[in-house]
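**Q** Chain residues, written in single-letter form:
2 protein chains.
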Amino acid sequence: MRGTMMDFPLTLTPILVRAGKLFGAREIVSRMPDKSLHRTDYASFHRRSLALAEALTAAGLKRGDRIATLMWNHAWHLEAYFGIPVAGGVLHTLNLRLHPDDIAYIAGHAEDRFLIVDDVLLPLYEQFRAKHRFERVIVVPLTGKPVPAGTESYEDFLKSATGSYTPPVLDENDAAGMCYTSGTTGKPKGVVYSHRATVLHTFAAALADTLAVCQRDTVVPVVPMFHANAWGLPFTAVMVGAKIVFPGPHLAPEPILDLFQDEKVTMSAGVPTIWMGMLGAMQKNPGKWKTQPGLRMVVGGSAPPVSMIRDFDALGWRLIQAWGMTETAPLGTVCNLKANLADLSIDEQYAYRAKQGIPAPFVECRVFSEEGEAAWDGKTMGELQVRGPWVAGSYYRLDDPDQKWTDDGWFRTGDVATIDGDGYVKLTDRTKDLIKSGGEWISSVDLENMLMGHPGVREAAVIAVPHPKWDERPLAVIVREEGSSVSADDLRKYLEPKIAKFWIPDAFEFIDAIPRTSTGKFLKAELRDRYKGWKWA
Amino acid sequence: MRGTMMDFPLTLTPILVRAGKLFGAREIVSRMPDKSLHRTDYASFHRRSLALAEALTAAGLKRGDRIATLMWNHAWHLEAYFGIPVAGGVLHTLNLRLHPDDIAYIAGHAEDRFLIVDDVLLPLYEQFRAKHRFERVIVVPLTGKPVPAGTESYEDFLKSATGSYTPPVLDENDAAGMCYTSGTTGKPKGVVYSHRATVLHTFAAALADTLAVCQRDTVVPVVPMFHANAWGLPFTAVMVGAKIVFPGPHLAPEPILDLFQDEKVTMSAGVPTIWMGMLGAMQKNPGKWKTQPGLRMVVGGSAPPVSMIRDFDALGWRLIQAWGMTETAPLGTVCNLKANLADLSIDEQYAYRAKQGIPAPFVECRVFSEEGEAAWDGKTMGELQVRGPWVAGSYYRLDDPDQKWTDDGWFRTGDVATIDGDGYVKLTDRTKDLIKSGGEWISSVDLENMLMGHPGVREAAVIAVPHPKWDERPLAVIVREEGSSVSADDLRKYLEPKIAKFWIPDAFEFIDAIPRTSTGKFLKAELRDRYKGWKWA
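Respectively, the protein sequence lines represent chains A and B.
Per this note's numbering, numbering through the first sequence is continuous, rising by one, with the last residue being 547.
Per this note's numbering, numbering through the second sequence is continuous, rising by one, with the last residue being 547.
One thing to keep in mind: the hints can contain errors.
Given that identical chains are not distinguished, each listed pair holds provided it fits within a single copy or across any two copies.
[Stated by the list, open to error] Derived lysine-lysine pairs resembling DSS-like cross-links, with alpha carbons at most 27 Å apart:
id : residue 1 : residue 2
1  : Lys-31    : Lys-389
2  : Lys-141   : Lys-155
3  : Lys-414   : Lys-31
4  : Lys-300   : Lys-348
5  : Lys-31    : Lys-348
6  : Lys-197   : Lys-542
7  : Lys-294   : Lys-274
8  : Lys-389   : Lys-531
9  : Lys-479   : Lys-508
These are computed hints drawn from the structure, not numbers from a lab.
Produce the complete structure using the sequences and hints provided.
**A** Printed below as a string of structure tokens:
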């Protein structure tokens, strides 16, 4: 027996239409390349997104065609976020931090037909244009300069629309967007988000118990729109009608802090490196920026040290951890304190806030160790596996999916985690980042977080180095704070009361900067390579 | 091109499983018939719901079979809310306030196979048992007394489960529940909620911008679980892991106020009559009940007068209007103030809070007058029409659907409304409650709300009475406040500065009580009947 409810597909079209009707006057602010601020509103965004959809259709877009974007975070990219999928196309956000050869590979693998590109990113486009031929290259004239020959202006392109366009009725399982993982090994792999998965993810991110994005919020997606849809924040903000402030290409701490103050920002999202820089700037200039009380910042990509959560609390901001991956759209877990934890001591609460949180509704998590499914005891480590309606079930056109799915259909994240009795997931390491010493596991991430809690340490990365007796032993790579002269002995003494003796790194190396991936994560592969010939004293 | 995401159906099973895993220790409190409080937790609720599913299956439940409940709001009803649909059955909540003949008609029309009934409701069951034969009658022994011959004890029924039950994989379009509308005219009509519609509605109700139900909430569904799934609150509370407090059969103001105080309630939902009674009790006993600051009460079913919203504000509670129907699962619109209204004067803000709110995401609203689709100008009245993924597309087994759907697929609510430029829907009347005087429309609901703002008026209902010259004219039926001697002249003078002269009722009748429907709404049909022979002086 079936329900008698309407057959109403979950696509992005109703979100766009509703935003235009209900939130027309709500502002959308973009930081331009010249640092000026561009202001528009939802009414214009709605009209222009439909114009883009119409112009793309007139230009020959067929259902399911991939349209690439090579853009910073700004209002024009938001138009592409809706205009492309609403027309039946597939929004393919290219990661401008990748090597040009990788960008070309990805555009080729996805068979992207058109490209929408910021004029300030044309020099990057030049580096791979010979390797993938787009049928049309549509340039957003952010600087106001004429676009080069062989390309067309985005504004002219939009002018071709009549304004009397009605979006097609789409199937909710149709593709809306795609994104390639920027792993540190292997070829990038494509995830294709359906309309349905994107809509459900949007609902999930606007729940009171997850990110609680609401109409009264002013939201800054600092996380790039070419990283897992800026964690879905553009879709979520538009669904609820929040004011959106885009940082454009200016991701240094000071211009973002200026935006936070001047635009009265209440919510943001980004990786720990961004927040670390902003924390440093605020600590150097006490009282310089007046921000909204209770400003909340979602942090993902990698775990922030507890010391950072504490430091932000002291400034009246609230850091909220979340975990996800390109393959999970990305919202997997969010760390808010459950009601039963409200009576814990402050230190105990921080121990929970240092975890990645509990699974969002309809995201199911489990941990698998060599002995099978692990108990939710907060201790047993194993690979985190997930499933749910916005979790990838396969990669795009990849015959050898690298054993990323279990036989019973769960996605293997490659992250090592524990889950405690309250359901909080805590990532310890990537499977390849665990250190196995004398048959026991050591978490490099835990060590790094502890080390970064030392006032003399700015950054710490811990890697496994082969050892004749213990198989592997930890080596800590340290970047000192400016003016600090912290020594290996200081750090050993600092760690001793905190952890088991065998966890303490056998060696400390002091360097100037830790290499990073394009998403700001520590590039441990490079460190492992650098220290692969390590000789123990 | 399709997405590469998992095919993960939206059913109630993951909500139940997650609640058991993540929120096991969270409390569920029920007021028993003898007024004592029964306490259990999510772990037990999860286990017992699965036991119910297993026992039903063992008893012969087949996919799609209807299982009726005749129950108050309590933990056992919550088990039925999940145990029945998780087993593949259809939860059919019978409205115990209907006439026994209507209950029998409804159970027969739905072909309910089994009945789960509170022992305290057996006398009601006796009144219709001869008219619909259930295969099995399972009695919840709330009083602890043995169940009668020919029935079986719910507790014994649950004991038949082994505890090793795995719920079946269901299709998200399968029926999960059904509910018959309790209209004042015509035969009751059945709406069949799919799992998908129920899940999406659950997400919608937990958004930060709608009811914002969250894990830290303590929720009291005062609205009966046999009225449109208690507005979905049981599903929403379980999805987020809120503490749930059920009032059982005790719906008088004082026992509910005791619960609000003793259980530290933060959120509730019910019809205006309930809140009106509680307001009266609090005003008579100032300071008697200490409740949580910011306690929010969702009010639906009919619109509360602005004076009630103000009075509750003064007590530190927040009344939030919502609008919906059995046919909309029921969440349609919710009235929170948008960011752009924050700068309005207090009085202007109340004018918005007196409206029914803006459409929830994915609920689309429009107003149709005789001239076609009305502008969103806050003035043009017409029939409110809606569509969305949790809006009924038809009634269950009803060949003549009474023209409830438009040719282009929208549901015709029968409510008359305006929509303003900010998207706020304001109901004026049911189509049949409008008064047409000399070709102009008069809103009886507006008149009633104004009249109920007068301190001497407890209740006011306005109906149309035939008039030789004007076609129809308004007659106001008034229930005075205790001790008040307000007169027709007083009320005329009170209304004069507020409305157009032709809106002022030509006659005022003072009576002891206004007849009500089983859902607490004014039964205007009966008033119309009472005054049908009215002679104008």
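**Q** For a quick check of understanding: which of the numbered hints are violated here, in increasing order?
**A** none
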